[in-house]
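Colleague: Protein chains in written order, with the numbering used here: chain L, 2 to 166; chain F, 59 to 245; chain V, -18 to 269.
It cannot be assumed that every hint is accurate.
[What the hints assert, rightly or not] Covered stretches of chain F, as calculated for chain L (at least 3 residues, CB under 8 angstroms): (1) 102 to 111; (2) 141 to 150; (3) 236 to 242.
These aren't lab readings, by the way, just hints derived from the structure by calculation. Where a beta carbon is used, it is the ideal one built from N, C-alpha and C, also for glycine.
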Amino acid sequence: MSDEPRDPSLDPLVRALPTSIEPPRDLWPDIERRLTPRRRGLPRWLPLAAALVLLLLGGAVLRRLARDPMPGAAPVASVDPTIPVDPSAGAERALLASLERDAGSLSPETIATLRRNLAIIDSALAESRRALAADPGNGDVQALLRLVQRQRTTLLQQAARLPRT
Amino acid sequence: MVDDAPSPGDDLRVDAGQSELVRRAQSGDTDAFGRLYRLHAGRVYALCLRIEGDAARADELTQDVFVRAWERLAGFRGESAFGTWLHRLAVNVVLADRRAAWRRDRRVTLDEEPVALASARAEDPGLALDLEAAIAGLPPGARTVFVLHDMEGYQHAEIATMTGIAEGTSKAQLFRARRLLREALGR
Amino acid sequence: MRILLVVAVLLAVGNPVAGGNSLAAQRPSVVRLVNIAGPLVLNGWDRDSVAVRGAARLTVSGPRDAIRVDGGQAGNDAAEVFVPRHARIEVRGGGSLDATGLDGELEVSAATGRVRVEGALRRVVVETFGGGGGAVGNVEIVGPHASVEVRTPDGTVVVRGVRGELLVTTTSGEILVGAARVRRARLESVSGAVSFKGVVERAGTLEAQSHAGDVELRVPPDVAATFELAAPSGTVGSEFGDGGATRRFTTGDGGASIVARSFKGRVSVVKQPGADVDLNASGAAGIR
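Between the sequences and the hints, there should be enough to build the whole structure, so can you do that?
Modeller: Now the structure itself:
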C-alpha cells in the first residue's frame, strides 16, 4: 500500500513520461575500456555433467525406440497407469477413444502437436506423482498436479473439437 | 529467411532472456555485458538525468553505474530481476554522487527555492517536456525525493534510508516538489 | 487497386440469403466466419453490415441476425472482412487471424495460425491448435479487453493491457502478460515460462503456475496482497520477503490474493512501478 497518495494533477503527466531515455551518445566504448578483465572459461565440472546428460539422453532414446519402434503406427496417446486418477479420467478415456477413432481424419500436424504435448504432460504428471509419493501432504505439489491434469483434459477437449477432414 | 522484426512480447520476454546474458557476463564475457548495457542504458540514463538535472553528469554517472555493475556482478544471485538489481545499484551510485555534491557545495541546501522553474513552461509547449524541464529546475533535494517517490515508486522510509535524511524530511521535500511543479505547470 | 465490394441486400426477417461474393445485412447480432483457409483480416466498423474486400472467394449468407461467411479462400491473399464492431463474432477453423476495431465479443476456435486481436472487447476467447511450430507470437491480444480466455497447446501467448478477467492455459507455450489490471487471472503452462506484469485489483486474485517453467510476477511496490509462492523442486525469490522454499506473506493490508507456483522452475516476484502501464502500446490501443 502506498505511503502517500499520488498527486492527481501531476500523476497523469508523470505516468506519461518515458521510463527510458537513450544517452545522447554511445557510452559503451568508454565503459568497455574501464572494465577489468575477469576469468573466462567454463566450469571444470561442465564436461562431466555434459557426458552424464548425453548418457541419460541416450538411454531415454533407446528405451523410447524399444517401446515405440514405428512412430507412425503408434496410438495418439496412452493412459499411464501410474498417474493418479483424477475426476476427469473417465471423460479423458472417452476423448482418447474418440481421437483414436478419428486419427485418420486429423492432419499430421495436429496429431504431432497432440502427441508432443501429451508426452510433456505425462512426463510432468509422473514427476509430480513421484514428488507426492515422497511428500503426500504437500499442498503445492497437489495444486501443481491438478494443473497438469486440467491441462491434459483441456488439450484432449480441444483436439476433439477440431474439424475433421 | 531470418526475420529481424521485433516479435510480440519481446519486451516482456526481455527479463527472462537476460539470465543467460548475466551468466555469460559473470564468467567474463564483455560482449554479453555490452548487450545488457544496450538493454538497460536508457533506463539508467533516465534516472541519472532526472536526479542530477545535468546531461553531462548523467553521462558520466551512467558509465560509473555500468562499471560498478561489472565489478559487482559476481555477487548478483538472481534473487531479483537483473534490471531491478541494476536499477537499485544506479540509485545508490547517483545518491552517493549527490551526497558528495552536497558536501562539496554547502550553498545547495534542502531549503533552496528554484529560480528557473517559472521559465520552464515558456520554453516548450509540450506538457511532458514541460514536466521534464520543471523537474530539472527543482532544487536538488526536492528533485531527488520527487524522482524516487513519484517516478520510481520508492516509499519515504526507503528514501530516508537510501539518502540519509529523516522520513519527515522526505515527506516535506515531496510536498515542496509537487507544489513547485504544480506552480510551474500552471496546474 | 482493390475495390471494396459491398452488395447491400436488405433481408427479410429469417430469410436466408443466397450465397454470394459479398454481402451486407441489417444489424446482425452474430457473424460467423467458418473455415476461411487463408489469412483472415477482420475489421470492426460502425455500419450494421458485413462486407468483403477484394477478390476473396467467400460466401456470405444467413438470416439477418446471424450472418455466416464461409471459406474457400486459398493461397496467400488475405480475406478482409468488415463486420459491425459491436456484434458477436465467431471464427471457426481457418488459418491466421488479425482482428482490429471490435468492441463486442470475439470467439475464435480451432485456428491453426497466428491470432492477433487488438481492440477493446467485452470478451475474447481464442483457442488455437497447431500452427505454432515454434512460431513466436502465436496468440497476441492487445487492448483493454474486459475478459480474455486463451487456450493453446504451444507457441507464445502475449496479452497486453487486459482490464478485468484473464485465463490463459497452455501445455508447452510461454505466457507473457503485460500492462494488466486484473480482477481475476489464472495463467497456467506445463513446460513454458509464465510472466505477469501488472496490477491485481483489491480483493482480486492472480494464480500463475507452471510445472517446469519459470514464473515471474512484476507488481507495483505498493501492492496490498497475500502472497503464496512455492517451487517444490525449484527456487523462490521475492523482493517483498525473506528466503525459503515456500513463502507465504502479506503486504499492506493484504487485499488481493497472489499465488505463484512452479514445480521445478524459478518463482520470482519483482517490484515494478507502473506495472499496468504499457510503454509499447500504440495510441489506438488506449492502454495507459
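Colleague: Now tell me, hint by hint, if it's right for this structure.
Modeller: Now for the hints, and whether the structure bears them out:
1. Residue count for the stretch 102 to 111 of chain F with a Cβ under 8 angstroms from a Cβ of chain L: 3. That meets the three needed, and the coverage hint holds.
2. Taking a C-beta to C-beta cut-off of 8 angstroms, the stretch 141 to 150 of chain F contributes 0 residues in contact with chain L, too few for the three needed, and the coverage statement is violated.
3. With 3 residues having a Cβ less than 8 angstroms from any Cβ of chain L, the stretch 236 to 242 of chain F passes the three-residue criterion, so the hint holds.
When the structure is compared with the earlier hints, a violation turns up for hint 2 alone.
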